[in-house]
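Colleague: Spelled out from the first residue to the last, the chains are:
There are 2 protein chains.
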Amino acid sequence: MATEPRRAIGIDPGTARLGYAVVESRGRALTLVECGCVTTPPALPMEQRLLQIHEATLEVIERLAPTEMAVEELFFAKNVTTAVAVGQARGVALLTAAQRGLTVREYKPMLVKQAVHGYGLATKAQVGEMVRVLLRLDAVPTPDDAADAAAIAICHLNTLQVPSLAPAGPSAPVGRRGG
Amino acid sequence: MATEPRRAIGIDPGTARLGYAVVESRGRALTLVECGCVTTPPALPMEQRLLQIHEATLEVIERLAPTEMAVEELFFAKNVTTAVAVGQARGVALLTAAQRGLTVREYKPMLVKQAVHGYGLATKAQVGEMVRVLLRLDAVPTPDDAADAAAIAICHLNTLQVPSLAPAGPSAPVGRRGG
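Chains as they are written, first to last, in our numbering: chain A, 46 to 224; chain B, 46 to 224.
Check the hints yourself; a few may be wrong.
All copies of an identical chain are treated as equivalent in the list; a pair is satisfied when it fits inside any one copy or across any two copies.
As the list claims (entries may be wrong) - Calculated pairs, BS3-like style, for lysine-lysine (alpha carbon to alpha carbon, straight line, at most 30 Å):
#1 Lys169 <-> Lys153
#2 Lys153 <-> Lys123
#3 Lys123 <-> Lys169
Calculated directly from the structure, the hints in this document are not laboratory data.
Every value quoted in this text rests on a predicted model; they were computed, and no experiment measured them.
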């Protein structure tokens, strides 16, 4: 059975640096379409930095046409200020996805490491190396934010149960967020 | 000297409930234009809730045409999850302001209480009552989120140094974010 290609964008959010990676899957074969990092100048007012993040994310989504977005859940942070800053960038990325009709899924950091490396406590370097191997790249993507975003996209494409691929009952309705 | 009226929107951000209040000042006289609370259903995916917040905030800004936005800084939160959730809604509100060209200022919660009530440790009820008095209302705005947003707008209008009102040097350039 031929498998429809899927194209997902992984996001590693932050206001100073937001990593993204668009990855395509055909069956088990994964291909990196593009990855990178949106940086915003600290001297700029926060609302202008968020506007830059919005416009850059929108540009990538419109140009590369992913239909799914994957983002890590944030479980820990140095302090409330950091958590709010990450949350603000994350909110803008999720909003941009909703505006362009992408589905969104969130993954716990341990699950991302588990899915990419096979070990939930793998180091950043170990995860980066597996990203390189799985995407058949010459080198680990840089900066770290882009490699992390690629790991999130790989986790999403490899672990998500796609309704159309699951064995369906004779007339079982398939919910958008079922399970 | 006649004072140009100013119209500001105060925002008390959250994903479940986002309070807003549009307040106009003419000299020291303050008038409530409108306040309310945007609520989003917990059952909806986060990105759809953020989309609702964006669209509701945009509608208020386009209809009532404030030119300034004021938001509280967040210094404490129950946990990282809460801080991220508030940050996401806050990021969407700030983005909407930037998209519509509003200037944005942030205020510490103590400063808001100080500006409205004269006492930085005033209770929520005490701040609400002063909001009622300062805006010459029959009752404290409800829900709390709307009253809090009104307090933030009042703080902003009463405390911000407006460059055009400040004594200007003979040819001193006035920065948008001077001082």
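Colleague: Would you mind marking each hint as holding or not holding in the structure?
Modeller: Quick rundown of the hints versus the structure:
1. Taking identical chains as interchangeable, the C-alpha atoms of Lys169 and Lys153 lie at most 30 Å apart only when both belong to the same chain, with a minimum of 15 Å there against 36 Å between chains.
2. Within a single copy, Lys153 and Lys123 get their C-alpha atoms as close as 17 Å, and across copies as close as 20 Å, so both meet the 30 Å cut-off.
3. Taking the shortest alpha-carbon separations for Lys123 and Lys169, both the intra-copy value of 18 Å and the inter-copy value of 29 Å come in at or below 30 Å.
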